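Visitor: Sequences listed follow chains A and B, in order. The first sequence lines up with residues 1 to 176 when you count with my numbering. The second sequence lines up with residues 1001 to 1145 when you count with my numbering.
No lab work stands behind these hints: they were computed from the structure. One should not assume that every hint holds.
Simulated coverage check for chain B against chain A, where a stretch passes if three residues somewhere in it have a Cβ under 8 Å from a Cβ of chain A [to be verified]:
#1 1006 to 1020
#2 1024 to 1038
#3 1044 to 1055
#4 1059 to 1071
#5 1122 to 1134
Just so it is clear, the structure is predicted and the values come from calculations on it, not from any experiment. For each residue, glycine too, the CB sits at the ideal point set by N, CA and C.
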Amino acid sequence: MSEQEQVPLEKVRRMMIRFAEGIKHSEELGLELVDITENGLIIKLPYSEKIIGNPETGVIHGGAITSLMDQTCGMAAIRSIVPEFDIAPTIDLRIDYMRAAEPGRDVFALAETFRATKNVLFTRGIAYQDSPEKPIANGVATFMRMGLGKTIVGKDGQKKTTVKHVGKDSASTGEG
Amino acid sequence: MSADLLSLIEQCRQDNDYDPLISKVPYAELIGVRCFATGEEMIFHLPPKESNIGNPTLPAIHGGVLGGFVEHSALLYVLLRMEEPSFPKIIDLSIDYLSAGHYKDTYAECKILRMGRRLANVSVTVWQTKKEQPVCTARAHLLLG
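So that you can see chain A by itself, here it is in the shape it has in the complex (with noise of 0.2 Å):
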């Protein structure tokens, strides 16, 4: 963790918040950046009128967790890169539903990502609205790097080789 200390979490917050710039559905959505972690970070879904998915009971939509799940496990896993920085498309995301989130309060999501190699970032993340431990999701998602330039990051998670691909075709599948 030593070189990760190097970078203020203050620095990190700027890179993720510009990370998240345009991303026209996280907008919509509305949501924000809350929280970096040690080794992730929180980002808050909003509850509006309209991400609800059962109108007789105000429930939001699963597929509104999805997209809070899969930014929040996108995000992380350029988190676990910094200083470095990439493009990672999301190669698969799983998630349950664990219950259903209650109406009219906000979700939170924290993810985190576990393993870095210089090709792939494992990640996972939990939805909650009172605390991590009583979610209401909990999703497993994998991103592969595109190679805009490449930490590996240990099992004793030091961060050692950095190989530079600069200009390839970064961007040759979706934002995850």
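With chain A fixed as given, assemble chain B onto it according to the hints.
Guide: Here is chain B on its own, set in the frame of chain A:
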């Protein structure tokens, strides 16, 4: 609710216009899900909508929107096959992203692999240009009743 929903579904079938059913769910309206029947089959349609973009450079549809599209398609597909229709609940979703979901018309087709009394297993294929080249494939479990 069940009786209302049943008569709404019957009306949609008769008119081959599912907009009244879709417009009941605000999230489906938000991302702009549409669907139409071709004989016995249903095709779900997600027309391009600026607020669905996830990668503004490419541009590409947000992975979460594709997930939401998959979920809602699976939900509607199962709903239309229930004897006593009520909105199913999503239990889990697993989605493989095969290529970029470009900013253009996107389609989905569902297949029920198993539908029991309480549980349905649905497989969803999403494509843009050619069905043989899916943008993503997914599998969802839905709780019925």
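Visitor: If a hint holds in the structure, say so; if it doesn't, say that too.
Guide: Hints, one by one, checked against the model:
1. Here the segment 1006 to 1020 of chain B counts 0 residues with a CB under 8 Å from a CB of chain A, which misses the bar of 3, and the coverage is violated.
2. Counting residues of the segment 1024 to 1038 of chain B whose CB lies closer than 8 Å to any CB of chain A gives 8, so the stated coverage by that chain holds, three being the minimum.
3. Counting residues of the segment 1044 to 1055 of chain B whose beta carbon lies closer than 8 Å to any beta carbon of chain A gives 6, which reaches the threshold of three, so the coverage claim holds.
4. With 10 residues bearing a CB less than 8 Å from a CB of chain A, the segment 1059 to 1071 of chain B meets the requirement of three and the coverage assertion stands.
5. A stretch counts as covered by a chain when three or more of its residues have a beta carbon under 8 Å from one of that chain; for the segment 1122 to 1134 of chain B and chain A the count is 0, and the coverage is violated.
Violation of the numbered hints given earlier is confined to hints 1, 5; the remaining hints are satisfied by the structure.
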